Amino acid sequence: MPLLATIARVGFAGLLALGMAVPGQIEAAEIRLDQDRIRLQVDEASGRITRVEASGANLTAPDAVSRSGFALADGPKAECVPVTCRVTPRGVGGLLWDGQAGALRIACQSLPVGRGIEFSGSVDDPRGTDGTDHAVTLRFALPVKLEGWRMDRDLDRSWPLRGDSHRSPASPCPWGRGRGELWPVVAVACEKASLGLGCRLDEPRCFRVTYDGPAQLLSIEIDFALARSAKQPGKAGFRFILLARPDSWGLRGCLSDYYATYPELFRKRTELAGGWFAWGDILSLAAPAVDFGLAFHEGPENVKARIHSLALGAATFPYIEPLMYQLPMGDFDRAPVRAEIEERIRLWSKPLDPLPKMHRGHYDQTRCAATLASGIRDPDGSLHIAAISQYPWIAGTRWAAQLALNVDPEIPGGAGELYLAEERENIKSETWGEGRYLDSFSSHANKIDYAPDHLAHADHPLIWKADEQAPGGFRVGQPVAAAAFEYAQGLRELLDTRGKLILVNQYGHGAPAPFHVFDCLGKEYWVPGAGRLLQRYRATSYQKVVSNLPRNEPISDRQLREFLVYGIFPGGYGRPGWGEEGMRATYRQVVPLLRLQHRLGWEPVPHAVAKESGVLIERFGGTGGKPLCLAVHSRWGAKVVTLTLDHAALGLPGALWCHELVSDDPVTWVTEAGQTEIQLGLASGETRLLAVGDARTHAAIARILAEDRLRDARLCTAEYRLREGRAHLLERHLQTASHENASALLSLAERVTGGHALDQRIAELLREAARWARAAEKPEPRRPRPVTVPPPDPRSAGIPWKEDFSQGLREERWSVPRNAKSRIEVKDGRLEMELSSEETSAAITTRRTFDFGEQPLEFRWRFQFNHAGHEWYLMQGVRLAPEASDDGYILFRIDPGIRVRLENADTPPSNFEFSLTPYESFATNVPHQVRLVLTPERFFLEMDGKRLGEGEHDCHFTQAAITLSVSTGHKGRGDVVWWDDIEVVPTRWPTEAP
72 MPLLATIARV
82 GFAGLLALGM
92 AVPGQIEAAE
102 IRLDQDRIRL
112 QVDEASGRIT
122 RVEASGANLT
132 APDAVSRSGF
142 ALADGPKAEC
152 VPVTCRVTPR
162 GVGGLLWDGQ
172 AGALRIACQS
182 LPVGRGIEFS
192 GSVDDPRGTD
202 GTDHAVTLRF
212 ALPVKLEGWR
222 MDRDLDRSWP
232 LRGDSHRSPA
242 SPCPWGRGRG
252 ELWPVVAVAC
262 EKASLGLGCR
272 LDEPRCFRVT
282 YDGPAQLLSI
292 EIDFALARSA
302 KQPGKAGFRF
312 ILLARPDSWG
322 LRGCLSDYYA
332 TYPELFRKRT
342 ELAGGWFAWG
352 DILSLAAPAV
362 DFGLAFHEGP
372 ENVKARIHSL
382 ALGAATFPYI
392 EPLMYQLPMG
402 DFDRAPVRAE
412 IEERIRLWSK
422 PLDPLPKMHR
432 GHYDQTRCAA
442 TLASGIRDPD
452 GSLHIAAISQ
462 YPWIAGTRWA
472 AQLALNVDPE
482 IPGGAGELYL
492 AEERENIKSE
502 TWGEGRYLDS
512 FSSHANKIDY
522 APDHLAHADH
532 PLIWKADEQA
542 PGGFRVGQPV
552 AAAAFEYAQG
562 LRELLDTRGK
572 LILVNQYGHG
582 APAPFHVFDC
592 LGKEYWVPGA
602 GRLLQRYRAT
612 SYQKVVSNLP
622 RNEPISDRQL
632 REFLVYGIFP
642 GGYGRPGWGE
652 EGMRATYRQV
662 VPLLRLQHRL
672 GWEPVPHAVA
682 KESGVLIERF
692 GGTGGKPLCL
702 AVHSRWGAKV
712 VTLTLDHAAL
722 GLPGALWCHE
732 LVSDDPVTWV
742 TEAGQTEIQL
752 GLASGETRLL
762 AVGDARTHAA
772 IARILAEDRL
782 RDARLCTAEY
792 RLREGRAHLL
802 ERHLQTASHE
812 NASALLSLAE
822 RVTGGHALDQ
832 RIAELLREAA
842 RWARAAEKPE
852 PRRPRPVTVP
862 PPDPRSAGIP
872 WKEDFSQGLR
882 EERWSVPRNA
892 KSRIEVKDGR
902 LEMELSSEET
912 SAAITTRRTF
922 DFGEQPLEFR
932 WRFQFNHAGH
942 EWYLMQGVRL
952 APEASDDGYI
962 LFRIDPGIRV
972 RLENADTPPS
982 NFEFSLTPYE
992 SFATNVPHQV
1002 RLVLTPERFF
1012 LEMDGKRLGE
1022 GEHDCHFTQA
1032 AITLSVSTGH
1042 KGRGDVVWWD
1052 DIEVVPTRWP
1062 TEAP
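Each residue of the sequence shown is one higher than the one before, starting from 72 at the first, in my numbering.
Among these hints, one or two may not hold up.
[Unchecked claim] List of simulated lysine-lysine pairs, BS3-like, C-alpha gap at most 30 angstroms: (1) K873 with K263; (2) K892 with K1042; (3) K148 with K339; (4) K306 with K499; (5) K375 with K339; (6) K499 with K375; (7) K1042 with K428; (8) K1042 with K898; (9) K849 with K873; (10) K697 with K682; (11) K148 with K302.
[As the list claims (entries may be wrong)] The following label-pair restraints were derived from C-beta to C-beta distances: (12) R933 with D225: 35 to 41 angstroms; (13) E909 with R338: 33 to 39 angstroms; (14) E743 with G1016: 38 to 44 angstroms; (15) R884 with D524: 56 to 62 angstroms; (16) R409 with H433: 32 to 38 angstroms; (17) G869 with P979: 31 to 37 angstroms; (18) V408 with G1022: 43 to 49 angstroms.
Calculated from the structure, these hints are not laboratory results.
Model, not experiment: these values are computed from the prediction.
Glycine included, C-beta positions come from ideal geometry on N, C-alpha and C.
Go ahead and model the full structure; you've got the sequences and the hints to work with.
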């Protein structure tokens, strides 16, 4: 149904009929979206929201009306004060808002756009360059009572809302009021309605959505600065959207409406699907390299490597690291100081002959000149040096300085201008590549540039940062992240002229990022496939490719299958030795299903729910005539999962059947009264993919998989030609073979007789293609099969578990770094660690995992923190986390003093302000005993018999390895820490009676 919006005037009598107390006769404008998703009545004289209805329910909080509508705060510590706005109807469904608050003026137009109401306007100081700088917070608030509603934190976590609630999922940031939202939209929901507020993904804004229960306000706040030095002196624009739905899908539903409202922000420029792989040559992997589904090649090592990738269906992307310049200082035998770094940049910014040590010629000369022009500046005007350290990729002694850059292309002589000028020449070459790879695109993104001459070129609003030493208590600046939007947009427009793509390494997400321009969004180093970060990357990319680059070690089969939850492609390297052989079989299993998911497309609303807790359901397809697949994942515990599907919403036929595509596991189902109930067994941490539908659905899926298997067989013949220098006997036949002819495919498979690894794989692929072709030609309805609870993961078996180090540090029990320079050894019957003068950290990790999803587990250990009392910081830790992951963990942290507390993965993003327990002080240099109890959702912590806290740990995992670690920012200083008597035992929750 198309979205409709109407506007009307409601007079005094009408307001009385609605039960509103009004002083005298007023005129009220009304905005209404189709299906009565939302109705807002606005007082035309003041701009107050006098009534809010959602899905027919009156949500209005009368006592909050006077604080509703627009409000402004002018100053870093100022409170938001409601602004009186004159409201005028404009066009079909539009309103003009015009108000004044002190020296500031607000002008806005609200208009139905897509599936929501968009508010677009500006705040300005009419004096312009004759005015003053302002630290502004703009607020728009709805006066609503949301008792019994929820606020979604992400796709599977939420907070209940109560009258005393004050909730916002915004993350810490170093500007404005200290918190900014990383999701494009935030939602609240009840059983019959959902409301969302958000900003456009292509406009970097420091915004947050808050529900203030005591004030009864649901609001969006946006922080920005008005500056005399800005491109538009004393003026800044804003834009946000209000979404509403007549259902309970909350954030998921609002994301669906957001995608439909702004489809240009999620445009797919390619159907290429596969993993991101770095460096080298794909043929350096053992045959068949095709097994790994690698498609986006970062920085091939030479022209020949590029040719190999193209022949195997991949695209290539030359390297750039745009947001910083790494100045090589590898000729120093110590850490360089500021004066030496600045002197080198000045010297190298000019042509030199001969070149000094470490100088790489034209590259360093142009980068140093660009750094002088556009390196970000501290408040005192000095060049900001982001980091000084030793890096393995730097020659010599490995010392280097990292300098964050403002890459706004409009800065004369700056890095952004330089990069785009180089790209205009690069793209003219037919051998340059299929696009650009942007490395470390989140590096230093949350740094602030204070250079006035840089700020004058900014297209996006500037921000402010509180500083009591500055005039007015704040400083005006531009985040590196905001400037990156302007460079990324310029690059996107340039590459679009030649149909080229962007591959990015968005290592982290602590600031706004231009997701709308990326074609393959990459995350370097393994994180959980169903974890928080990849969930958000899927949501911000919608149906574009997202890929996770490995570390240099394998992960388990279960973890690889977890990438099916959000359709994330595992990547690889163009060289051997990253654990690929141990993962090859599971790559073969998972990659074709990921390509199937990519063709179907991820949708945020699954229209399916699970009866059991700890279960994720994600939908692929099921709209626009596409067949339906559901990814199902158990966060914890082996269980029989029961799913209920909404037939009407999914357009399902009355007669259907289910097919589990990962392992052909048993599935049972019943359809009645317009709903289908499905049951399947899931082990703890496992993922399965269900195809659901009638014969037409299953035939369509089978055709896709048959075509995919035949494609890989063709690529194997291409790989054979590259490796052997001659055509494979089936190469020509496979080019004309049809994925719909099962008999012909089987005949071709029988003709493969060679012993080459590629011969064997081609035959296997053709047999798989034939099997799917036959299933597509004549789909055989499946029958329900009995479902049972899977057995526990054997890797988590063997409880109780004890380690007293009486047999030393056993290799079968512990993973120990091979080339560690720090001392890690068992001495006097306990494990000791002492950092060397060359390292900042040391750690060992259990080779097994412990599953506290199957039953509550108690973790016990003894430790001693020894610190010599010097000024250098030291931290000792016990960390529980999924294997090869930095996306979720529980950390028992010991700081000097000693002070201890329990943290999770939300602690670093909060600037270490948040923790599961507060710091508690204990004696240092003496032994202590710790007891930590974990269930799937809760923790209990005790030390030396003293209860330190209990509550929800808010982690997305229940299978974890134990890591023992010591770290510092200043390298070893002779301190020795130890652990002993580590035990893991089944237990009851501490408050339960035996």
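Status of the hints after comparison with the structure:
no. : hint                                : in the structure
1   : K873 with K263                      : 51 angstroms, violated
2   : K892 with K1042                     : 11 angstroms, holds
3   : K148 with K339                      : 43 angstroms, violated
4   : K306 with K499                      : 40 angstroms, violated
5   : K375 with K339                      : 29 angstroms, holds
6   : K499 with K375                      : 20 angstroms, holds
7   : K1042 with K428                     : 27 angstroms, holds
8   : K1042 with K898                     : 22 angstroms, holds
9   : K849 with K873                      : 56 angstroms, violated
10  : K697 with K682                      : 26 angstroms, holds
11  : K148 with K302                      : 26 angstroms, holds
12  : R933 with D225: 35 to 41 angstroms  : 37 angstroms, holds
13  : E909 with R338: 33 to 39 angstroms  : 48 angstroms, violated
14  : E743 with G1016: 38 to 44 angstroms : 56 angstroms, violated
15  : R884 with D524: 56 to 62 angstroms  : 59 angstroms, holds
16  : R409 with H433: 32 to 38 angstroms  : 26 angstroms, violated
17  : G869 with P979: 31 to 37 angstroms  : 32 angstroms, holds
18  : V408 with G1022: 43 to 49 angstroms : 46 angstroms, holds
Against the hints set out earlier in the document, violations occur for numbers 1, 3, 4, 9, 13, 14, 16.
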